[in-house]
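Chains as they are written, first to last, in UniProt numbering: chain A, 1 to 347; chain C, 1 to 347; chain S, 1 to 347; chain H, 1 to 347.
Since the hints were derived computationally from the structure, they do not count as laboratory data.
Just to be clear, a hint being listed does not mean it is correct.
Copies of the same chain are indistinguishable here, so a pair counts whether it falls within one copy or spans any two.
The calculated lysine to aspartate or glutamate pairs, modelled on EDC-like cross-linking and capped at a C-alpha distance of 20 Å, are [unchecked claim]: (1) Lys166 / Asp61; (2) Lys89 / Glu110; (3) Lys133 / Asp217; (4) Lys89 / Glu249; (5) Lys166 / Glu249; (6) Lys89 / Asp68; (7) Lys278 / Glu345; (8) Lys41 / Glu286; (9) Lys166 / Glu110; (10) Lys166 / Asp250; (11) Lys89 / Asp272; (12) Lys41 / Glu202; (13) Lys54 / Asp138; (14) Lys166 / Asp312; (15) Lys133 / Glu57; (16) Lys270 / Glu287; (17) Lys166 / Asp263; (18) Lys278 / Asp263; (19) Lys54 / Glu286; (20) Lys41 / Glu57; (21) Lys278 / Glu57; (22) Lys54 / Glu287; (23) Lys166 / Glu216; (24) Lys270 / Glu123.
There are 4 protein chains.
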Amino acid sequence: MVNVGILGATGMVGQRFIELLDQHPNFNITALTASQRSAGKRYEDATTWYLDNKMPESVRDIVVVDTDPSQVDDLDIVFSALPSDTAAKVEPEFARSHIVASNASAMRMEDDVPLVIPEVNPEYLDLIEVQQKNRGWDGFIVTNPNCSTIALTLTLKPLYDRFDIKRVYVSTMQAVSGAGYNGVPSMAIVDNLVPFIGEEEEKIETETLHLLGDLEDGVVTPASFGVSASCHRVAVVDGHTEAVFIEMEDPADVEEIESTMADFTGLPQKLDLYSAPKNPVVVRSEENRPQPRMDRNESGGMSVVVGRVRQDVAFNNSFRYVLVGHNTIRGAAGASILNAELINEIL
Amino acid sequence: MVNVGILGATGMVGQRFIELLDQHPNFNITALTASQRSAGKRYEDATTWYLDNKMPESVRDIVVVDTDPSQVDDLDIVFSALPSDTAAKVEPEFARSHIVASNASAMRMEDDVPLVIPEVNPEYLDLIEVQQKNRGWDGFIVTNPNCSTIALTLTLKPLYDRFDIKRVYVSTMQAVSGAGYNGVPSMAIVDNLVPFIGEEEEKIETETLHLLGDLEDGVVTPASFGVSASCHRVAVVDGHTEAVFIEMEDPADVEEIESTMADFTGLPQKLDLYSAPKNPVVVRSEENRPQPRMDRNESGGMSVVVGRVRQDVAFNNSFRYVLVGHNTIRGAAGASILNAELINEIL
Amino acid sequence: MVNVGILGATGMVGQRFIELLDQHPNFNITALTASQRSAGKRYEDATTWYLDNKMPESVRDIVVVDTDPSQVDDLDIVFSALPSDTAAKVEPEFARSHIVASNASAMRMEDDVPLVIPEVNPEYLDLIEVQQKNRGWDGFIVTNPNCSTIALTLTLKPLYDRFDIKRVYVSTMQAVSGAGYNGVPSMAIVDNLVPFIGEEEEKIETETLHLLGDLEDGVVTPASFGVSASCHRVAVVDGHTEAVFIEMEDPADVEEIESTMADFTGLPQKLDLYSAPKNPVVVRSEENRPQPRMDRNESGGMSVVVGRVRQDVAFNNSFRYVLVGHNTIRGAAGASILNAELINEIL
Amino acid sequence: MVNVGILGATGMVGQRFIELLDQHPNFNITALTASQRSAGKRYEDATTWYLDNKMPESVRDIVVVDTDPSQVDDLDIVFSALPSDTAAKVEPEFARSHIVASNASAMRMEDDVPLVIPEVNPEYLDLIEVQQKNRGWDGFIVTNPNCSTIALTLTLKPLYDRFDIKRVYVSTMQAVSGAGYNGVPSMAIVDNLVPFIGEEEEKIETETLHLLGDLEDGVVTPASFGVSASCHRVAVVDGHTEAVFIEMEDPADVEEIESTMADFTGLPQKLDLYSAPKNPVVVRSEENRPQPRMDRNESGGMSVVVGRVRQDVAFNNSFRYVLVGHNTIRGAAGASILNAELINEIL
């Protein structure tokens, strides 16, 4: 068993880490950190638990410590659910001697930090060596993308491998849990929606191309097609829905698009990693799916569900589809855990 | 005063007609029709009133009649809020001797029936003459587009007049009122959304190009750029939100796009029609607007509110914006009324 | 293994029966019935599956039959998720030769039909003998109460056994799933609530007293305190919340009330029935619990969660509390299954 | 015209004050105060406007000042929408030389401060003289009750005058706007409700009896029946719904209860005050009304709408009904304004 800690363990993503790691066959939670206000308390006392499933017995009595490397020991991996500004300061400190699998955005676009979805670009883990050399660390940082980006990129990867993508437009309808428990006031979401999520569009546009790029000589060259996003918050608890429009250079038909996504597997499936879904992308044929409440928990929340693949009327090389992905499982905690499982297996 | 009737007066759009016509300076409601089940009852007894404002006193005692031309007389204009299949049968019967301003989709794409947004293509009213000749009617039918199409096209029209549009992608987040009172079960919309609205995408794609086309020798040639829509139902009572992506042939800048929309006016503004908003498109600068609950009632629900106009990162001839339009006012009853006001003024 | 069938298997409660019975150690689903429209189809094809968990593999290929005893054989128990009017006709036919565990309201208040919550009044099962003699049936019907009543009565039973209850007032905030998938239009529930549920108040008032009554010489004498209910539908998917006010003859203190409920167990716990929760009533101490989304799944949805037990300011023999119970698990399918488990164990 | 100021003008209740006062025939807004962060800015720049109606032109350019009596002059009346802790400090300072009509709870239960609903207990304004003598002020403070209390008490007052009330139980379903814009996270309210509102139950229980009490020799003796409340937050934007159970000493019938409430008028109606609704209580007969979205705007939000008046099955002196009142109009800003109108008329 590998001893793991969770940085920022009391927040919404922190709680998902705990839920997903509780019965994990390889990882054993031995440390939980939070802000100084919570440090010194039992986890149960420090936390307002938000998830539908109950707080696991195994963590209730763990004493929360300050988010500081000196407060933990005997840890192999730390999972980071820290806010971006804290992550920027603290993750490098942990990386001196720990493996950091981070969901925070702070370090994602650093040249020598792998931004990885295991099914998409596991080879970027080669940057670890560069990173350790550059920075003189014994540990390292590996990051996963933003929640909306992960779901989108899992569906684009098989298409990108087979077809020549020219432009991608994506309009998101994102769940309120993505903003944290207090992130979206109910006044903003009852009989309403909010057509703006800070920095979300930029992340989707940048990270997607980065993930589909090429790593050569320690440098990532992003993919070169256009990505344009419009992001919206809607009255859904969990599960991001995305309407995707894709222009390709050459014609294809709907069945090809569907089967290309449905048949997609990657290294986690090959290695049979514990959190790897059998199918990263599940394609449904009903005319009114995917729906977030119905489809977010597909494969324990680790699969993206796609539906309504259809060709444009006027152009046979343009396609549309709708996807749903669980934003705090596949889009956050589950993403970091899958990264850690891959690292644990291959390094 | 012009005597008007409302066909399908007890439903949701029928109620909006009544609300909007109650204090109208030129139109006077003298007949209300509904299905046989309601015929013979006072309107108040026949109707479950759904709107926030109270049922106007003026219609409470009107006895509802069957939707049949023989049941009404002394009517100049009939507004149709009928479902499509009923409209297909009944509207032509009314058109023998009445002006029919219809919100139904049944006759919209008939070659000789004007599909009109007064600010966009008032010249299509020339088809009335063709229609009357073709069909031997003394009256005629004029239709307005689908709710989502109206809002979209009002924003595209000024851009289309000035720039060379190549492709438009639109992803809608539509209010539940658009499906009628019983149209969307709450089980489908609480903590959920539905990524499908029957025939909606087809209507947007077809009607938008038709509205922006050219009428020559009695024949409409639709505009020729590509339109691709993805339609979704969300937990909002009234007000459709649309995320629009637009590719143009040539570069522009955000200020040009914004001012082109903000400065747009058409014939209804010139003629100072009663229901014409001062600005068909209102452009807001806040980063998180438009929002349906906040913006749907702009200019009494007759303006479309646009925000978040922004250029694509990679391509300076690609733009995005978000719009909100009131689906049962500007998108339905108000659209038919504005058509009737224009006809009343110019014919 | 006992072979069981589900009458009305395609609806919302029917689906819960399937979900709960799928892994059941004693019951084996061998027949599914529905209306003639579905008969002859595979269950997967006949059903729009509404639950968050996926349709179990085991039932996908079962061919749905008409709801008629001649269509099934080799069945020991049939679970009824039929609407009341169908149940009134069909359940007696099934009861000639089958055990019918029914969630329908049709037969609940018949003199010789046991209305049972296993923790509350298992002795009412003695009515089975009376029923079989009266009606000449080889099988029999056992019913469970209405969803709101079950949750309320589980909390009242321990109090009733220990204290002298004078009056109970209950105000419910009920989930939309209780009305069936199409029962509540979203127009009625977004930014709104509906303060009326047909016959619900009557059921709570009658059934609660019946359940807490005495069976003597084959006749149930209901409990004699007053119950007064006000029922409301709110924008929650699953889980009924009830605000309970209780007047007792004598003083008590909050701790006594809490411990009396928390310590309550009944025959299902003694017999260790498969679906019996360890604690039928779970008492929480947080000031803002229970909440439906957080607490409806307690003990797999079979426990009622109580919180906010507090004394009235002016009267020390008056108390208030709030409860949450899962309306389609403990309040419907799970209730019938627990009845069947009890019958299977003791008869 | 009377010059008025609004303390705490940028918040939700402050905005309602502005909306309601904008076209007021007697009151003229000349000062707006807020926290130091906003002081010095134009109101339009200092405020995120939350209401459906647009910010009135008349206030956009008013420069917001610090909430301090030295910052304003030429004011006759100040309306207070301050949070309770700020109100406790600042309102007495303003009261030295101004009339303060406050919606804050800070001073409500002070012995010499009138807590008034104009239709219910206008005679409590006699306390003003006591207050001025006690405190040596030239001005004074008048308060209105908590939002839920106002709606409840308006319905109880006519019943209390005619019948002998023994006990009142009330279960509220309150709108999220009552907690301020950021008060209720959407994570707490989507597919959920929260059965707790801090100090709300205590306010209802205390203020209701205080309002229905007797003022003699400068001392209020509260009414002596029992009031017991259970308060819950639900997914509604505006409009509190309350389920009321009332035990009386003697029998009555439903028609008496209904007509007693429907016929109720008070001093504001007699004096024909500008904001006074024709009927403080509107009684509806539909089985499923009142509903918050449908009924909150009755008489511009100044009437309480009652429905479902029904007798208890077992006891003919026990009744139930449901009420809806607009929490930020009749329950807050409108209440303070009506108080000020009464003072302006009679003092």
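Here is how each hint holds up against the structure:
1. In the homo-oligomer, the alpha carbons of Lys166 and Asp61 never lie at most 20 Å apart, since the shortest distance is 53 Å inside one protomer and 43 Å across protomers.
2. When the C-alpha separation of Lys89 and Glu110 is checked against a cutoff of 20 Å, the pair qualifies only within one copy, where the shortest distance is 14 Å, while the shortest distance between copies is 51 Å.
3. Proximity of Lys133 and Asp217 under a CA criterion of 20 Å is satisfied intra-copy only: 14 Å inside one chain copy versus 75 Å between copies.
4. When the C-alpha separation of Lys89 and Glu249 is checked against a cutoff of 20 Å, the pair qualifies neither within a copy, at 43 Å, nor between copies, at 45 Å.
5. In this assembly of identical chains, Lys166 and Glu249 lie within 20 Å of each other by CA distance both inside one copy and across copies; the values are 6 Å within and 16 Å between.
6. Taking identical chains as interchangeable, the C-alpha atoms of Lys89 and Asp68 lie at most 20 Å apart only when both belong to the same chain, with a minimum of 10 Å there against 42 Å between chains.
7. Only within a single protomer do Lys278 and Glu345 lie at most 20 Å apart by alpha-carbon distance; the minimum there is 18 Å, versus 40 Å between protomers.
8. Proximity of Lys41 and Glu286 under a CA criterion of 20 Å is satisfied inter-copy only: 17 Å between copies versus 49 Å inside one chain copy.
9. Taking CA atoms no more than 20 Å apart as the test, Lys166 paired with Glu110 passes in neither setting, with 26 Å inside one copy and 37 Å between copies.
10. Within a single copy, Lys166 and Asp250 get their C-alpha atoms as close as 9 Å, and across copies as close as 18 Å, so both meet the 20 Å cut-off.
11. For the identical chains of this complex, Lys89 and Asp272 are neighbours neither inside a copy (35 Å) nor across copies (53 Å), given an alpha-carbon limit of 20 Å.
12. For the homomeric pair Lys41 and Glu202, neither the shortest alpha-carbon distance inside one copy (38 Å) nor that between copies (32 Å) is at most 20 Å.
13. Neither within a single protomer nor between protomers do Lys54 and Asp138 lie at most 20 Å apart by alpha-carbon distance, with minima of 37 Å and 44 Å respectively.
14. With identical chains, the CA atoms of Lys166 and Asp312 are at most 20 Å apart both within one copy (15 Å) and between copies (14 Å).
15. When the C-alpha separation of Lys133 and Glu57 is checked against a cutoff of 20 Å, the pair qualifies neither within a copy, at 41 Å, nor between copies, at 51 Å.
16. For the identical chains of this complex, Lys270 and Glu287 are neighbours neither inside a copy (32 Å) nor across copies (44 Å), given an alpha-carbon limit of 20 Å.
17. For a Cα distance limit of 20 Å, the shortest separation of Lys166 from Asp263 qualifies neither inside one copy, at 22 Å, nor across copies, at 34 Å.
18. In this homomeric assembly, Lys278 and Asp263 come within 20 Å of each other (Cα to Cα) only inside a single copy, at 10 Å, whereas the closest approach across copies is 44 Å.
19. In this homomeric assembly, Lys54 and Glu286 come within 20 Å of each other (Cα to Cα) only across copies, at 15 Å, whereas the closest approach inside a single copy is 33 Å.
20. Only within a single protomer do Lys41 and Glu57 lie at most 20 Å apart by alpha-carbon distance; the minimum there is 16 Å, versus 45 Å between protomers.
21. Proximity of Lys278 to Glu57 under the C-alpha cut-off of 20 Å is restricted to the inter-copy arrangement: shortest distance 16 Å between copies versus 29 Å within a copy.
22. For the homomeric pair Lys54 and Glu287, the shortest alpha-carbon distance between copies (18 Å) is at most 20 Å, but the shortest distance inside one copy (35 Å) is not.
23. Taking the shortest alpha-carbon separations for Lys166 and Glu216, neither the intra-copy value of 23 Å nor the inter-copy value of 36 Å comes in at or below 20 Å.
24. Proximity of Lys270 to Glu123 under the C-alpha cut-off of 20 Å is restricted to the intra-copy arrangement: shortest distance 15 Å within a copy versus 57 Å between copies.
Violated hints, in rising order: 1, 4, 9, 11, 12, 13, 15, 16, 17 and 23; the structure is consistent with all others.
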